[in-house]
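**Q** Spelled out, the chains give:
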Amino acid sequence: MKIQSLPKEDVFKSLLTSEAGLTEEEARGRLHEYGLNEIKEVRKKPLYLKFISQFTHFLAILLWIAAFLSFLSEYHHPGEGMLTLGAAIIAVIFINAVFTFIQEYRAEKALEVLKKLLPFYVKTLRDGREDDIHAEEVVPGDIILLTEGDKVPADARLIESSGLKVNNAPLTGESYPISRSHDPFDGEFFESFNIVFAGTTVVSGSGRAVVFSTGMTTEFGRIAHLTSGVEPGLSPLQKEIIKATRLLATIAAAVGIFFFSMGFLIGRSFWENFIFAIGITVALIPEGMLPTMTLSLAIGSQRMAKRKALIKTLTSVETLGAVTVICTDKTGTLTQNKMAVARIWVNNQVIDTKYASKENAAGILRIAYFCNNARFLDGQYKGDPTEAALFKAARETLGDLHAERIKEIPFDSERKRMTTVHAVFPAPALEKRSPAAFSLLEAGGGGVVTFTKGATENVLPLCAYMAINGERVSMNDNLKRKITNGYHALTDMGLRVLSFAYKEIEGPSPPEDIESDMVFAGLIGIEDPPRPEVPEAIRRCSEAGIKVIMITGDGSRTALAIAREIGLVKGNPVVVEGREFNAMTDDQLRESLSFEDVIFARMTPKHKMRIVSILRDEGEIVAVTGDGVNDAPALKKADIGIAMGISGTDVAKEASDIVLLDDNFATIVNAVEEGRTIYENIKKFITYIFASNIPEAVPYLAYILFRIPLPLTVIQILAVDLGTDMLPALAIGAEKPTPGVMKQPPRKLKERLLDFPLIVRSYLFLGPIEAAACMFGFFYVLYYGGWAWGEMLLPEDLLYLQATTACLTAIVITQIGNVFACRSSRESVFRIGVFSNKLIFWGILIELLLQLFIVYHPSGNRLFGTAPVGLNVWLILIPFSAGLLLAEEMRKARARRRRG
Amino acid sequence: MYKRILAAVNEFTNSEIAAKYAVFLAKSCRAKLLLVFVAEDKLDKSTFRRAESALERLFIEAEDNDIDIESITEKGDPFKKISEIVRRNSIDIVFTATRRGDTEKGFFAKTLAREFMVKLMCSVAMVRVVRMSRGYPGNILVPVRGRMTHIEEKAGFVAGLAEAFNSSVTLFHLSDPITGFFHGEIHLKPAEREEHIPKDIVQFADFLHRYKVYHEKKIAYGAVSRSITIEAAHKRNDLIVMGASERSLLKSIVSGNPVEQVLRETPCNLIVLRPRPQHP
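Note that the protein sequences, when read in sequence, are chains A and B. Each residue of the first sequence is one higher than the one before, counting from 1211 in our numbering. Each residue of the second sequence is one higher than the one before, counting from 45 in our numbering.
With the rest of the complex left out, here is chain A (with noise of 0.2 Å):
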């Protein structure tokens, strides 16, 4: 039993209603059963949980602790500083939580534009009388009242049509109208025309309905399931910054615990160990990451918008870079939607378009003048591009052209033509007549005359002639065959080819009547061409590793010609049609995509999640691009959703992760290196920040081996962390992009933030240099004021004050020389030039103006248990600093070296 093969009186049967519709008592209990007739929110993690479980990851619990015996040891041992230090760090989970939820926030507003596409009223049928009722109490069984305007509210099965026409865009993309009839139909049943969707609409003509289903178990509702149903998981730089915490957490709290244990090893107290071990657990941690990593997001987002790329999930400028397929759509995407007639096939004979005249090619250019929406206003070819392409042809050959319309059989997707009736007058010179004809449109002094254009297999088989040079012919299997060859030839060029026929008739006939027997007029080619930017970005995309899958609703000869043209695919690709494609298993498909070159064609939006979600499973980081509402779950599933901005729809934009302001396909690639970009600024800032935690952390491991006074103090470790070293780190983030960057493969899923290299390269390398610079300030300043090896000084001591103050300088001094050691890893920072980055610069100036209010301001003494100190601590300590560039300069020499 399918509901669209039921004659009426098993519909009602079926859905226990009647001719006179359901009783109002029904009604009320199939709402109580069913419930309201409208959209509802998936239950999802309410936004509070998702911010409160910023506090509770790994790297969070570990700072608890640390705050909890921070506070522990303030009770126990009140006015060492260890409340400061407890708030400090409940401050920086705050800080951390605030900037990851940030990234992660994305509004969802794609359900509320989608319920706007539901009417609030609708008129039914109970106990047979006719009423106005809220759309939202609809029920299974209610018998619906369709006229032209109305939006359809419920999934509904017709019983009655008379001229019903809908536009299903909403579901299917395709906003032609579709012509509706209450006939049992037994073929699919999202093929059957007798089934009415909720939010569609109703074109022309009317027609009753049971209603079948209702709320999320429509077609519609199935649509915002997925919408708002579907996560997309983790971006793969969440994924990393999970894994990049946990290590750094664990390594901070192992070398707490094992220094702690070996404090008490040498006989250190039980508080010297516990002031130890928080120190260097803090000092491990690099509490500035997160909020530098989110506002550098912020600053890459701004610089795609200026790029035409807008950008509405913060980690997605990341996860672009990453992307290793774009499924595309084609038209207005890769090309230009600007459709322009280029050849016209009549007398099996291929005319380019400029060489078009009454001559050779009036006949068609008649028809394709009258069988035409599109209108010539204001200087302007203003309908449907297609239509406006065919007539611009027409008019711009044979002038201005009159005849009276009489009747009009729409385009739809079914039928995939369009017919118009005329009276013309005088009579077309569409060929020479036979005498029967002549008479006929000459007795009256003109005649009615029948215009079909549409796609080749479904006006061809309404043919019983064919004109040729002036004559008319019985159709054959010869001239079906030249027919043919025509059409490959106009497809093969990348051209979506319509055909074109005529009938002469007598007056008002039935549709079935004046769409037979038809004269094959001939086939006009269209061309859209592609965006002049697109082979380019087709190359660097190419460059770059990452496949371009085109998915299109165009026949597979004209998607492969253009994709040729755009230098998309070279050989012979994979070419997957939407029938073939509906019959595959996920396994078949699996494989066809596995191919190097692979083209969907004759497709429909429906169809990309499935591709989408196949993708995805093999481990690709896809991209998608979308405009229609039934897009919106593609979009929701794909790792980055890419909606239009000019052509998409509400629920497209608000479904996806990027609107691309200029519909272009050019713009995602810049997007794609601009994400590229962004994810190895991130690497370079985190090395920057990464080599400051070695000198932050070497001072308590010195204090706890060699029995010194501490040489920097937790608040002054924030100071750097959460303090100067956030500006510097944020320019590093704004770096321009490496000449390279697309020219290497898509970085491997197993490819670590916090990979070797890095982690040796700050620790091993940088972190020394500057942690020697802040151990020989320390101790210089000790020495000068008459400190002894042993001696241990009081906090409040002056001396001690201002060595720790020369501590801190030297890391803030040797972070300069480091700043312009981390813009790059291999190039030489005198080959991307000094001043290229303007915003280094800023960004040394506040971090230097902030280290001299921590230094002479009594304010920032006090706060951070500094002095001041003289102009020769910081001379002595910028040798560092230089030496630090000069060793990495080397370093990165010799690295260019090996790699040749």
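One should not assume that every hint holds.
One side of the interface only, derived from the structure: several residues of chain B facing chain A at Cβ under 10 Å [claimed, not checked]:
(1) T57
(2) K86
(3) S90
(4) R143
(5) M176
(6) L232
(7) G266
(8) H278
(9) E309
Bear in mind the hints are in silico, worked out from the structure with no lab data behind them. Keep in mind that this is a model prediction, so the values were computed, not measured. Ideal Cβ positions, reconstructed from N, Cα and C, are used throughout, including at glycine.
Fit chain B to the supplied structure of chain A, relying on the hints for placement.
**A** Just chain B now, kept in the frame of chain A:
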């Protein structure tokens, strides 16, 4: 398989649709079908008539399908009466519909559906009807766990429905992703996931194979209930068949109950099968 099937019918359309699944299973198993309506006290006439009409329609449909059918109408407490009939007639499985209101109650507390699921000594198929009619299921989505009980009965039930509707079956297994503390989630491709299919699922598939039911296996990761409803919506399934929750109340409170969540959010009709308890 099942020799005696009971379908509880009342005045609501969802009970009639639930009973239709029983009709088809009875046809497939060549079982005797008992249609039972228990009128509660103080039932008004129109409600009674609606239930009687439903019984009549189902009776005719069953007869049309050459099913050995019996219709029983009684008065009293539905659970008690149906329990008695189950005992008296050695019923193998009871089909009962759960209402939308039931799913909104936490753990189905104080609902007839829960009483059936917990106390009846035969198998129980609890049907959640969200869609009145569109067509017979072309593909039945069967979420399966790694460790299953009553594999043979569950497979037989699915096979019976699949045979009745001429449907294919998708065995949908959700497993926890392989993770490492420092490596995070390790992505496995579908072919690699196949290697990790639990033995019970292989055995379930073998049973289906024996019943000559076309089936495919799909393994996915993610939140259980969400993944099931998304899969059903994506593949346009018309029916989900899943086993009843075996989670304790405490575990359900702490970690949630996926079966309940699917019952709430299912985009298509759903049958939750609780096999016959092992110890009467």
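**Q** Against each hint, give a clear statement of whether it holds in the structure.
**A** Results for each hint:
1. T57: holds, 6 Å
2. K86: violated, 17 Å
3. S90: holds, 7 Å
4. R143: holds, 6 Å
5. M176: Holds - the Cβ of M176 of chain B comes within 10 Å of chain A, reaching about 4 Å at its closest.
6. L232: Because about 9 Å separates L232 of chain B from the closest Cβ in chain A, which is inside the 10 Å limit, the hint holds.
7. G266: Holds. Min distance 8 Å.
8. H278: Hint holds; H278 of chain B Cβ to chain A Cβ min 6 Å, cut 10 Å.
9. E309: holds, 6 Å
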